[in-house]
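Chemist: Here is what each chain is made of, one letter per residue.
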Amino acid sequence: MCSVAVRMSVRSSMAVSPEVPMLVAEDVHRQFEGIHAVDGVSLEVPRGKITGLIGPNGAGKSTFLAVLAGTLPASGGRVVFEGEDITRLPAYGRARRGLVRTFQLPSEFARLTVLENLLVAAPKNRGDSLFGALMGRRYWIQDEERLVDEARRLLRRFGMGAKESDYAGLMSGGQKRLIEIMRALMLHPRCLLLDEPMSGVHPRIVEEIQHYLESLRAEGLTIVMVEHELRLVEQLCDSVFVMAQGKLIGSGTMASLRRQREIVDAYLVG
Amino acid sequence: MNTFYATNLLVYAGVDIIACIALNLQFGVSGITNFAFIVFQAAGAYAASVLSMPPDSNPDYSFQLYVGGFQLPFPLPWIGGALAGGLVAIPVGLVVLRKLRSDYQAIALLVTSIIANTVITNARPLLNGAAGLALVPQPLQDQIDPRSDEYYYFYIALTAVCVGLVWFVAARIVNSPYGRTLRAMREHELAATALGKNPVELKMTIFIVGGVIAGLSGAILVDFITAWAPSVWLYPETIILFAAIIVGGRGNNVGAILGALLVPVGLEEVTRQLIQMDIGPPNLIPALEWILIGLFILGFLWFRPEGVRPEPRHVFRGGPDVGEVEHGRLA
Amino acid sequence: MAIYEAAFGFGLVSMSVIALAAVGFTMQFGITNMINLAYGEVMITSAYVAYYLDRAGISIWLGMIAGGLFGAVFSFALNRIVYAPFQRKGTSNLGMVIVSLAISLMLANALLPIVTYNSVSYSEHTGSIVRLGGLVVTINQMIIIGLAIVLMIGIHALLRYTRLGKAMRATAANPTLARNCGIPTQRVIDMVWLITGGLCGVAGVVAALNSDSFAIASGAGFLITALAAAVLGGAGQPYGAMIGAVIIGLITELSAATWSAEYKEVVAFGILVLVMVLRPQGLLARRGALAAAG
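Chains as they are written, first to last, in my numbering: chain A, 214 to 483; chain B, 7 to 337; chain C, 3 to 296.
Here chain A stands alone, though its shape is the one from the complex:
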């Protein structure tokens, strides 16, 4: 079963010419308290592919991802999304345009149910404003029912249909990961930024998440993921960027990267 969310995202991305890369970083810097976490990174994220971002601990991958998503401001450089400069756009504005991130640490809304976690993310709900709320149930119930259906389809697809009424905070680590991905999908994203989506997850669920990510790619979604487990990166990612000490030190497929001496030295040893 194919989610409405993703189909729509494919269609809307057709509006922009396919030659324009999904996401471009131009000389992005991020320094904070004297530490240069991201030091002039430039790269292009191709459409409809899974792009990996790897590097040793403290390389600045997560910081870079946060700068792309706008949850941390860039101290220099530009971020261009679908041909449009979004460097000054706050994180919520980027999310509304379809550039959605997830977090390395579990970030579920603990005291909301699993279904509510998904519904929160859904845009275009007439009841999701003070005015709409005050207008009463009849004003927004149609939107709500439509979104509940959509969220339930996603839940079933990710094998969590039976959990919809449980508190998200009581789910396992792997289930929380899935909730985060589903939550992001509710926004009909054009580009997903995943920060270590497999960390702290049971190996069986890792395989599941891997399978879901592949099916999302098949539907045309662009994915950028920070990941430590190189075996996974090799299996999932079409191309890979390598970061070390805040700088981009290489790019290409995993296979080609393994042949480059300095990158192997810097990171891929073992």
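Just to be clear, a hint being listed does not mean it is correct.
Claimed, not checked - For the chain A half of the interface with chain B, some residues (derived, Cβ under 8 Å), not all of them: (1) A282; (2) L285; (3) E295; (4) I299; (5) Y305; (6) S320; (7) R324; (8) L332; (9) D341; (10) L343; (11) W353; (12) G374; (13) S378; (14) L400.
What the hints assert, rightly or not - Beta-carbon label-pair distances, calculated as ranges: (15) L347/A to R104/B: 23 to 29 Å; (16) S121/C to R104/B: 38 to 44 Å; (17) E358/A to Q279/B: 27 to 33 Å; (18) F174/B to K337/A: 23 to 29 Å; (19) R130/B to M144/C: 35 to 41 Å; (20) G247/A to R323/B: 40 to 46 Å; (21) Y119/C to S63/B: 30 to 36 Å; (22) R417/A to R82/C: 41 to 47 Å.
Read the hints as simulated data drawn from the structure, not as lab findings.
These numbers were taken from a predicted model, which means no experiment stands behind them.
All residues carry an ideal CB built from backbone N, CA and C; glycine is no exception.
Given chain A, put chains B and C in place with the hints provided.
Modeler: Positioned in the frame of chain A, the structure of chains B and C alone reads:
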């Protein structure tokens, strides 16, 4: 039990319920720790007073100094009081809610509350300083004798209408998709931001809505007791309301009302009775009340952080059949 | 001109008092991550300890030591009995703020039946006047300034040159890492509460000694001034708090001299608001703890 006593109890209960519903919207639902809550109630009370009182040049009122004195007819002073609560919330919110981490927001608001009280106490020409305002006219006092039983019933009804109105507004917010967004922000602000929610806008809105309701509660209270001074809105008054929300159950209006009836209404009433019995040194009983409130806060946060009536789980029709799922200690 | 010189003299005393209070407060936050809103009430309780000793005929300087000891023991116990268990339970920073506020309220009211609302003052009050160039200060004020300088240098030496100080800084930076490196963080934190509690107690007595009179209600003012200095300097940073104390002390005394003494705390608050709006991380921002995440 005479009518005045009963009226007193009911009007105070109404005011406390309204205040607790407003604070619950801010603290329980949205996670804004508004330690300056009482300032907004005070803003409503002062505004309602100066809107209904004659100018301080009036011979009957010349023993006090204050700005305004517009002699507006009821219900304009109450509306003005509500608006004043909302207006004061704007600058305070803009300074406090935009850049600061949530625990700093709480402290900044606490300090705001202490300082606002200091300023009003010392700046006498503004609102008569420490002595405060007195002889505040009561709604429709020229139509009904304010000391008659009819007036008491009238005032109770007026308060009840306001409680109903506030309940209606709060229930619509809490049970809507908007309320869900507010709860999500409370649970994990950064994640909500990453999902397209603007937390500053959400917090500002609820800060102002809460300010409006708090202002209304102040207007109701001041027109009943006909006086208002800095000593009735010291910052610990906010803490009583926090204790009420924590005891009653954060995040739901029923819990807020329950808390209002247990802590500010119930506990204060018991204290008042005990004070009349004249036990121990003069400050002992009120001091014990405050210590008890502190113990309530600590005890509930430790043993039952979800309160007497926890926030209900929002379950949707047509979902899988779920039995009584244990509530889970989600700290 | 004389008015400014006098204000500067008072400013020196004020900044000494504020520094004593603010450094303890900011260290509690910096090292144990606890915004202790009961700090002002512990100060005032210590001031009362000295007051009752003073009434019993014991010198105020001995009373100050007693106040310091009381502050140390009380703060240590407060952390052991209330704060640390709540923190271990996983209570959020915001929850801890509520907890400390409840403690502050309980402490003030436990005191109230004993001390009542009345203002009191120490019998030994001013001491003789000393002229230093244009500055006019009393002997007591000289002692306060000297005491503050000695204690600040002591704190500096502690943090800089002792094993305990290094362990404190390591715990502040990353408690988990510190523990893994074999630092007994529990003992370090106990020491932090003893030391900062001692500072808090001494600061309370000094603040009371430096004002004409004090009362149970003075605690809130003590807290706000310490808070303002700590935030101005960058929350959690002892040196920042010292700088903050110097600035707040000078500005409040200048405003008291030229405007009105009632508004000292309001001026401190005004500075606090300006800092929050313009530079929420404070003057000496390292960790940027005050700014919102994201």
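Chemist: Decide, hint by hint, whether the structure agrees.
Modeler: A quick look at each hint next to the structure:
{"no.": "1", "hint": "A282", "in the structure": "holds (6 Å)"}
{"no.": "2", "hint": "L285", "in the structure": "violated (10 Å)"}
{"no.": "3", "hint": "E295", "in the structure": "violated (16 Å)"}
{"no.": "4", "hint": "I299", "in the structure": "violated (14 Å)"}
{"no.": "5", "hint": "Y305", "in the structure": "holds (5 Å)"}
{"no.": "6", "hint": "S320", "in the structure": "holds (4 Å)"}
{"no.": "7", "hint": "R324", "in the structure": "holds (5 Å)"}
{"no.": "8", "hint": "L332", "in the structure": "holds (6 Å)"}
{"no.": "9", "hint": "D341", "in the structure": "holds (4 Å)"}
{"no.": "10", "hint": "L343", "in the structure": "holds (5 Å)"}
{"no.": "11", "hint": "W353", "in the structure": "holds (6 Å)"}
{"no.": "12", "hint": "G374", "in the structure": "holds (7 Å)"}
{"no.": "13", "hint": "S378", "in the structure": "holds (5 Å)"}
{"no.": "14", "hint": "L400", "in the structure": "holds (6 Å)"}
{"no.": "15", "hint": "L347/A to R104/B: 23 to 29 Å", "in the structure": "holds (25 Å)"}
{"no.": "16", "hint": "S121/C to R104/B: 38 to 44 Å", "in the structure": "holds (39 Å)"}
{"no.": "17", "hint": "E358/A to Q279/B: 27 to 33 Å", "in the structure": "violated (52 Å)"}
{"no.": "18", "hint": "F174/B to K337/A: 23 to 29 Å", "in the structure": "holds (26 Å)"}
{"no.": "19", "hint": "R130/B to M144/C: 35 to 41 Å", "in the structure": "holds (37 Å)"}
{"no.": "20", "hint": "G247/A to R323/B: 40 to 46 Å", "in the structure": "violated (55 Å)"}
{"no.": "21", "hint": "Y119/C to S63/B: 30 to 36 Å", "in the structure": "holds (35 Å)"}
{"no.": "22", "hint": "R417/A to R82/C: 41 to 47 Å", "in the structure": "holds (44 Å)"}
In summary, the numbered hints that this structure violates are 2, 3, 4, 17, 20.
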